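Engineer: In case you want the letters, here they are:
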Amino acid sequence: MTNEPSNFARAAGFKPKATMNDVMFEELLALRHKRPLTPDEQSRLDGWLTAHPADRARWAEEATLSDALHRLPQATTPSNFMARVWQDIEAAGRRPARTEAGWRNWLRWPSLAQQFALAVLLLTAVMILQGRRARTQTQLARGIEQVTTLARLPDVALLKDFEAISRLNQSAADVELLAAFERER
Amino acid sequence: MPVATDPDAALMLRVKRGDRAAFEELVARYQQPVLNFIFRTLPDSAEAEDLAQGVFVQVWKSAARYEPAAKFSTWLFTIARNLCLNELRRRSRHPADSLDAPAHSDSDEPRGHGIEDKREAAAPDTLLRGELEAKVSEAVAALPENQRTALLLWQREEMAYEDIAEVLDCSLSAVKSLIHRSRETLKARLKPYLRTGEWNDE
Numbered sequence: 001m002t003n004e005p006s007n008f009a010r011a012a013g014f015k016p017k018a019t020m021n022d023v024m025f026e027e028l029l030a031l032r033h034k035r036p037l038t039p040d041e042q043s044r045l046d047g048w049l050t051a052h053p054a055d056r057a058r059w060a061e062e063a064t065l066s067d068a069l070h071r072l073p074q075a076t077t078p079s080n081f082m083a084r085v086w087q088d089i090e091a092a093g094r095r096p097a098r099t100e101a102g103w104r105n106w107l108r109w110p111s112l113a114q115q116f117a118l119a120v121l122l123l124t125a126v127m128i129l130q131g132r133r134a135r136t137q138t139q140l141a142r143g144i145e146q147v148t149t150l151a152r153l154p155d156v157a158l159l160k161d162f163e164a165i166s167r168l169n170q171s172a173a174d175v176e177l178l179a180a181f182e183r184e185r
Numbered sequence: 001m002p003v004a005t006d007p008d009a010a011l012m013l014r015v016k017r018g019d020r021a022a023f024e025e026l027v028a029r030y031q032q033p034v035l036n037f038i039f040r041t042l043p044d045s046a047e048a049e050d051l052a053q054g055v056f057v058q059v060w061k062s063a064a065r066y067e068p069a070a071k072f073s074t075w076l077f078t079i080a081r082n083l084c085l086n087e088l089r090r091r092s093r094h095p096a097d098s099l100d101a102p103a104h105s106d107s108d109e110p111r112g113h114g115i116e117d118k119r120e121a122a123a124p125d126t127l128l129r130g131e132l133e134a135k136v137s138e139a140v141a142a143l144p145e146n147q148r149t150a151l152l153l154w155q156r157e158e159m160a161y162e163d164i165a166e167v168l169d170c171s172l173s174a175v176k177s178l179i180h181r182s183r184e185t186l187k188a189r190l191k192p193y194l195r196t197g198e199w200n201d202e
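Heads up: the sequence lines are chains A and B, in that order. Here the first sequence stands for residues 1 to 185, numbered as in this note's numbering. Here the second sequence stands for residues 1 to 202, numbered as in this note's numbering.
Okay, chain B solo, but in the shape it has when bound:
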C-alpha cells in the first residue's frame, strides 16, 4: 500500500523516525476502534484498556521495523489480534489470573498509577443499554475467535476482505466464509430476540 494513499502509513513513517506527535495522532485516531475490538473479545473494560495500551506500546516499539507494505490499520489490528490471542491462551493456562496482576508489569505499582483519569464513572446501565445489548455482546464474545475477528473487522469501513485475510492470515474465500458463518451463528443464538423485532423500534 503506497504511503500516498494511506495517511496513517505516512504518520507511521514519522513515528519510525521517533516523532512523538505523529504517534499521539495515531493513538488518538485508533484508540477507540482498538479498544472496541478488544472489548468485544474480552468483555472487561479494565482488561481491554490494558491490552489496548499494550497494542500501542507494541506499535511504538516495532516502529523501527515498520514497512508500509500493507495498510496501517491491517498491521495495527494484527497486533491487537495477536495480543488478544496471547491473553486468551494465558487465561486458558491460568484461569484465575487477571491482567491487573503485577506480573504484567515489573513494578509493584498499579498500572496508570499517578495519572488521573478524568473520565466520569458510567453507570452500569449506560455501559450496556439493556438486556438485549448484553445478549448480543455475549453472543459476539462467544463466537469462535476467527469468526469474531472477521466480523468485527468487516464492520470497519476501511477494512476490505483482502485486509481481513491479511490480519487472519487466510484466503479471501475463507474470510467470506468466516463472516457468513459468524452471522449465521449469531442469528441462531439470537433468534428469539431477532424475531420480536425489538431492535427495530429505535
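So here's chain A without its partners, still in its complex pose:
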C-alpha cells in the first residue's frame, strides 16, 4: 500500500497542502474506511484533532468501525470454482442449442406434432360444418311449419261475393249474411 496521497483522496476533495476544514475531516473519515492514512494525511488529522478535541471520540469510533469491517471473515472460495464456472458455461451453451433444435424439428415437415395438429384442425372443421348444416336444415323445416300454421288461406268460394260485401259499407260484419253464405256453400 502506497503512502502517497492517492487519486481517490484527490478525487474525494482532499487537498494535502490545503488547511483542514470540516469537509476535509469528513473526507478523511471516509478515506479511513478505504485504506490507512498517508503520513501527510495523518499529521493533518492529528493537527485537526488537537484543535478540535470534540472530534476525537468520533474519529475513534469510525476507526474502530473501519477496522471491524476490514476484519470481517472472507467468504471461502471453493477449490473447484473455476471448473464449476466452466460447467455452468457449457450447460448454458447447450440450452439455446436444444431450443433451436426444437424449432428445427417443428419446421421439418411433416413432424409428428404438425401431423397431429393438422388432424385436430381437420376434425374440428368437419365437426363445425356438420353442425352448421344440421342446424340449417332443422331451422328451415321449423320455419315452413310456422308459416303454414299461421297463414292458412280461406276457401276461394268464400271470396266470390267479396266485392258485394265490401260495397255494403258496414262498420261491423253482418253475421247473418255470413251465415247465409255459409249455408249456401
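By construction, these hints were calculated from the structure, which means they are not laboratory data. You may find that some hints are simply not true.
Calculated lysine to aspartate or glutamate pairs in the EDC-like style (CA-CA distance at most 16 Å, straight line) [claimed, not checked]:
1. B:Lys176 <-> B:Glu166
2. B:Lys187 <-> A:Glu61
3. B:Lys176 <-> A:Glu61
4. B:Lys187 <-> A:Glu90
Owing to the predicted nature of the structure, the values given are computational and were not obtained by experimental measurement.
Dock chain B against the given chain A, drawing on the hints supplied.
Structural biologist: What follows is chain B alone, placed relative to chain A:
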C-alpha cells in the same frame, strides 16, 4: 478507460476473442472480491458461491458485447450487483425458494456435481470469528442495498467515487452521501460494541 491503463480490460478483450486462459486469469483475480461482495449481501456461503459463478458465466456470455469504456471491475461489479438484486427480488417473491433448487439449472443434477471440492470444511467458528464479527456482518447485510453496495465498493482500493457512481447509476454526490449514511447507520447499530473498544485489542 484506455486498455493500456487497465490490464483487466486488456484481458477482457482477449476473452472477447475467445481466449479461455485470459478468462481463467480474470476469474482467479476476481473470484474472491466478487464472492466477498455477494457474501456480504446474501450471507449464505453456498448461495454466494452459486451467484458468484453466475457472475463469471455472465462475463463469458457478454464478452462479445464488451467495450472497454469503463474499468473492467466497474463492469464486473455492476453484473454482480444486478445478479444480487435479481436474487433479492426473487426471494421477496418466493421466500421459501433456495438457489439450490433445480429451477436454477435445467438439469436435475446438483450444481458442481462430479467436480471435487478439495476445500477443507471450515469449522463454523472460523467462518465468523466470534459474536462481534457476526454482529458487524448482520449490520452490513441489513443496510439498504445501495448503501451497502457503496460501502463495500468503497472499501476496494481500485474503486473511486466515480466508479461506484457508475455501478450504482447515480451521481458522485449521491455516492458520497450513501457511504456517509451507511457509516452512520452502522455506527448507530453497533454503538454498544464500538464503545467497548473490543475490536481495538487485536
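Engineer: None of the hints should be skipped; say for each whether it holds.
Structural biologist: Right, here's what the structure says about each hint:
Annotation: proposed proximity of lysine 176 of chain B to glutamate 166 of chain B holds, straight-line Cα distance about 13 Å (limit 16 Å). Straight-line distance between C-alpha atoms of lysine 187 of chain B and glutamate 61 of chain A comes to about 8 Å, which keeps the hinted pair within the 16 Å bound. Distance check on the hinted pair: lysine 176 of chain B and glutamate 61 of chain A sit about 19 Å apart at the alpha-carbon level, beyond 16 Å; violated. Between lysine 187 of chain B and glutamate 90 of chain A the alpha-carbon distance is near 45 Å, which puts this suggested pair outside the 16 Å criterion.
Consistency with the previously given hints fails for numbers 3, 4, ordered from lowest to highest.
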